[in-house]
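Number of protein chains: 2
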Amino acid sequence: MSFIVKVPTNSVRIFSGTNRWMNMPNRSRTSSSAMIPHCSISAPAIQTLRKSVSNIPIMVNGCTGKMGKAVIQAADSAGLNIVPVSFGSEEESGTTVEVCGKQITVRGPSERERALLSLFEENPNLIVVDYTVPAAVNDNAELYCRVGVPFVMGTTGGDRDLLYKTVEDSEVYAVISPQMGKQVVAFLAAMEIMAEQFPGAFAGYSLQVMESHQASKVDTSGTAKAVISCFQKLGVSFDMDQIQMIRDPKQQIEMVGVPEEHISGHAFHLYHLTSPDETVSFEFQHNVCGRSIYAEGTVDAVLFLAKKVQSRDDKRLYNMIDVLREGNMR
Amino acid sequence: MSFIVKVPTNSVRIFSGTNRWMNMPNRSRTSSSAMIPHCSISAPAIQTLRKSVSNIPIMVNGCTGKMGKAVIQAADSAGLNIVPVSFGSEEESGTTVEVCGKQITVRGPSERERALLSLFEENPNLIVVDYTVPAAVNDNAELYCRVGVPFVMGTTGGDRDLLYKTVEDSEVYAVISPQMGKQVVAFLAAMEIMAEQFPGAFAGYSLQVMESHQASKVDTSGTAKAVISCFQKLGVSFDMDQIQMIRDPKQQIEMVGVPEEHISGHAFHLYHLTSPDETVSFEFQHNVCGRSIYAEGTVDAVLFLAKKVQSRDDKRLYNMIDVLREGNMR
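Residue numbers (full-length UniProt numbering), protein chains in the order written: chain U, 1 to 330; chain D, 1 to 330.
The reader is advised that the hints may include incorrect statements.
To be verified - Once the Cα atoms are required to be at most 30 Å apart in a straight line, the calculated DSSO-like pairs of lysine-lysine come out as:
id, chain 1, residue 1, chain 2, residue 2
1, D, K233, U, K233
2, D, K315, U, K233
3, U, K308, D, K233
4, U, K233, D, K165
5, D, K69, D, K233
6, D, K233, U, K307
7, U, K102, U, K165
8, D, K307, U, K233
9, D, K233, U, K225
10, D, K233, U, K315
11, D, K225, U, K233
Stated by the list, open to error - A partial selection of chain D residues facing chain U, derived with a Cβ cut-off under 7 Å:
id, residue
12, N81
13, P84
14, G200
15, S281
16, C289
17, L324
18, N328
Don't read these hints as lab results, they were simulated from the structure.
Cβ coordinates follow ideal geometry from the N, Cα and C atoms, glycine included.
Can you build the whole structure from these sequences, using the hints too?
As structure tokens, this is what we get:
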């Protein structure tokens, strides 16, 4: 036996979360701005912000990559001053690429140091954002520290212990985080705090986890694993191999509700908890399309770092939790 | 334009959260116990627990009410020793009612004190659970404090400030909470911590909130309001009048997915956050059917209180956060 739910396709943006709203009397939609995307700060405030940040020159290394491009776009919208040089591969070296209407000259490994030194001389407030490749993480960090330029490391992989040691042994200010999605980091941190403060609060509950990512992602979501380990501390018994990995585009569009244009880049997560007697359930979802959340988080990390450098803070090495604690900076 | 989702009615327990699973390859369901309600502790452990708690005599005042009955059932299953006396109205006084196969004699206001005194004399480890009526909250608390018997106050209403003062001025151990749903309290606490630690983390996000309760509940969910105030601290702009209150049984069954047998008693909540550019969304749900979550939380509060009395803890007045911090006690 079954019943039918008609779901307008225009509402299928994320797990059927939104679908329901389309079928319900929606007071908020008619009576308020809740449905209209809006910015939390006023136009004049944005002007003031642009003035204050436009003097922050940022160098985005890996500008030809997807994240590099996304960061340049977000930084440009935020009013940051993107310098026309970027680290790239030896093959690209010397070529000029256009990103968001900006001409950027690529410098390969052999020209890296000279390029950075002259750029830092011209722009003493320079902040570097690194979205290159795992193989370049440690060499780049070592160079940033040697030159003494503050940086945000968004590139994953490489020798992470060495990365942290390189920064700790230097005088350089840096934000290092494998996850730049500020709101996802906040959600995970809240789950970790709940697990630490209330161990066993969900004892006996059963858990179902579904995660959907582009087909090219072969491994299981690291964020899902981190959230699940919190639920385990909360008393839920769950094996990581019970995670439902969705990689089939047809399922992602029809079942999960991933917009077709984001099949090649999305990160959807659903956690469903059910009490032993099945009278209680909790559900948590975090659904990301594209890269703007990571790009915006990176811009926040740059603004944060600029403040810390300016105030000569004693602490020099930060992560996204530190950025979150600082509060909204724009 | 729309597409069709077929939803087995047996899966329509909570907001369509579960429906999706029914349409998806479910590794966990076939390969693990994740779908089978189970207890987090082993049978021998339960035996030990029963021994240790069976000597805790509990008096459930308001035993003829729905919560009173639910608590007696949960306490009985947990192996607690329910005494055969309960406070009730003057009309019921002297009558004997059967709850979970137990004969319980009701004592009205005029007989309250004598009944409690003799009961406490026979059962020096007595713990009282109060699920009476708002009008009785302060008189009952005053009596428990005068006699010196530890109690769990689950009844809402009355003069709350006076209630706390009465306990603070006494030597009595008590757990007082208007919300006994342990997991709901844990979720709300986690949201409060996130809001406090990461102000503005969701700046610019839009919020939709839906809550469904039995038609007899005229006011808006207090839990929803508390969670929303956290989102406001996180930078979301939302007016309380934007909350979608669902009170129509037809909508609750067909749209929300409330099981028909729980139309007269449920508390479903859904919070949906969307980023300004609509590429990111978060969803949180806590869906409660019936009263077992509150009854189980009350039993946990009793076990917690028994421990505190036994250890002669310096702190005497507790809430559900304290109970949660203690961890799983069974």
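Here's how the hints hold up against the structure:
Straight-line distance between C-alpha atoms of D/K233 and U/K233 comes to about 27 Å, which keeps the hinted pair within the 30 Å bound. A threshold of 30 Å between alpha carbons decides the hint, and for D/K315 with U/K233 the separation of about 27 Å falls inside it, so the pair holds. The suggested pairing of U/K308 with D/K233 holds, with an alpha-carbon distance near 24 Å, which does not exceed 30 Å. Distance hint between U/K233 and D/K165 is unfulfilled; the C-alpha atoms sit about 36 Å from each other, more than 30 Å.
Under the criterion of a C-alpha separation no larger than 30 Å, the hint pairing D/K69 with D/K233 is inconsistent with the structure, at around 39 Å. Under the criterion of a C-alpha separation no larger than 30 Å, the hint pairing D/K233 with U/K307 is consistent with the structure, at around 23 Å. As the CA atoms of U/K102 and U/K165 are separated by approximately 35 Å, the hinted pair breaks the 30 Å bound. A threshold of 30 Å between alpha carbons decides the hint, and for D/K307 with U/K233 the separation of about 23 Å falls inside it, so the pair holds.
With a CA separation close to 28 Å, the supplied pair D/K233 and U/K225 stays within the 30 Å bound. Note on D/K233 and U/K315: the hinted pairing holds, with a Cα-Cα distance of about 26 Å set against a maximum of 30 Å. For a cut-off of 30 Å, the pair hint linking D/K225 to U/K233 stands: about 28 Å separates their Cα positions. The closest approach between the C-beta of D/N81 and any C-beta of chain U is roughly 23 Å, which is over the 7 Å cut-off, so the hint fails.
Against a cut-off of 7 Å between C-beta atoms, the interface hint on D/P84 is violated, since the closest Cβ of chain U lies about 27 Å away. Given the 7 Å rule on beta carbons, the hint for D/G200 holds: about 3 Å separates it from the nearest Cβ of chain U. The beta carbon of D/S281 comes within 5 Å of a beta carbon in chain U, closer than 7 Å, and the hint placing it at the interface holds. The beta carbon of D/C289 is positioned within 7 Å of a beta carbon in chain U (closest approach about 4 Å), and the interface hint is therefore held.
Proximity of D/L324 to chain U holds as hinted, the smallest CB-CB distance being about 4 Å (cut-off 7 Å). Given the 7 Å rule on beta carbons, the hint for D/N328 holds: about 3 Å separates it from the nearest Cβ of chain U.
Hint check: violations occur at hints 4, 5, 7, 12, 13; the rest are consistent with the structure.
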